[in-house]
Amino acid sequence: MKSLRALIIDDSSVMRKIVERSLRQAGLDLSEVNEASNGAEALALLANTTVDLILCDINMPVMDGLEFVKRLKGIANAKGVPVVMITTEGGESHVVQALSAGACGYIRKPFTADQIKEHILPLLEGVK
Amino acid sequence: MSTAPELAPDKWLALLEHSAYEVFDIMLKTKLEPGGPEPATGIEFTAMVGLAGIVCGVMSIRCCHESATHVASAMLGVPPKEAGEHAWDAMGELANMVAGNFKNKIDGMSDKCLLSVPTVITGADYSFRSISESHPLELWFRFHGKALHIALELHP
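So the protein lines, in turn, are chains D and U.
Numbered by this note's numbering, the letters in the first sequence go through residues 105 to 232 in order.
Numbered by this note's numbering, the letters in the second sequence go through residues 1345 to 1500 in order.
What the hints contain is simulated information worked out from the structure, not anything from laboratory work.
You may find that some hints are simply not true.
[What the hints assert, rightly or not] Under the rule of at most 25 Å between Cα atoms (straight-line distance), these lysine to any residue pairs were calculated in the SDA-like manner:
(1) U:Lys1456 to D:Ala205
(2) U:Lys1373 to D:Tyr210
(3) U:Lys1355 to D:Glu196
(4) U:Lys1490 to U:Pro1424
(5) U:Lys1355 to U:Glu1382
(6) U:Lys1456 to D:Glu139
[Unchecked claim] So these bits of chain D aren't anywhere near chain U, every CB distance computed over 10 Å:
(7) Glu136
(8) Ala144
(9) Leu147
(10) Thr154
(11) Gly178
(12) Val185
(13) Pro186
(14) Ser204
(15) Gly206
(16) Glu222
(17) Leu227
Ideal Cβ positions, reconstructed from N, Cα and C, are used throughout, including at glycine.
Extracted from the complex, chain D is given alone in its bound form (with noise of 0.2 Å):
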């Protein structure tokens, strides 16, 4: 698998980090990530950045996770990269939302590296 361009978008930055380590720890070799501390911060970064990964929370003040997604099938650096929520929103019904919205995944807080292995390692496996 190739180096990976990580976008972590989480208001808090504690936990941006926190994400980061568990990537590291899932195996990843990640050459970049990028921060957002919202919805709105990461879609006007991805405005002129390429990522391979997006790792998004829900609850964020501004934008939250769930109109992130929505918004994010109308930018073009995004188009196929995968999106996988992580929040401490657990309910089936901000699941089916996030899902239906375009997310491919769906890990909540608190979290151990074996689940952020278990649920990202499958989703990059057709990025070479």
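Since the structure of chain D is already known, use the hints to place chain U on it.
Just chain U now, kept in the frame of chain D:
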């Protein structure tokens, strides 16, 4: 119309306690020790998350500055001296995860009760009063030898 899940208060308390232990175990890789009620002196950080839906209220986590720094240190995997500036953020995320983990353990609640973005207050010279008419569910723990208090105040 949706109503709050039927659950005895002692069961809610046990689930809240289990949620806290689980978050410390998984995300901080450290053990939270049981504790007993203590005076509020030295409490300098209060992280709060609101719940709204079939259950409404506020969950708060309170501790001293040193404990909040240890929370950030454990979450980030860095020494405490490098973690102080992240204590606010770490305490907010801790409250978010404990509250979320708690509601996800109650059948029928996770979809029908939303969490607010966390709020963190620092300083010791303030009093905190929820508009809840009921007594809060309270838990006391020890973390790095200091008191850590978790309370859930539910509105009728």
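Hint by hint, here is what the structure shows:
| no. | hint | verdict |
| --- | --- | --- |
| 1 | U:Lys1456 to D:Ala205 | holds, 20 Å |
| 2 | U:Lys1373 to D:Tyr210 | holds, 22 Å |
| 3 | U:Lys1355 to D:Glu196 | holds, 23 Å |
| 4 | U:Lys1490 to U:Pro1424 | holds, 15 Å |
| 5 | U:Lys1355 to U:Glu1382 | holds, 23 Å |
| 6 | U:Lys1456 to D:Glu139 | violated, 30 Å |
| 7 | Glu136 | holds, 20 Å |
| 8 | Ala144 | holds, 15 Å |
| 9 | Leu147 | holds, 19 Å |
| 10 | Thr154 | holds, 28 Å |
| 11 | Gly178 | holds, 26 Å |
| 12 | Val185 | holds, 25 Å |
| 13 | Pro186 | holds, 23 Å |
| 14 | Ser204 | holds, 15 Å |
| 15 | Gly206 | holds, 20 Å |
| 16 | Glu222 | holds, 15 Å |
| 17 | Leu227 | holds, 22 Å |
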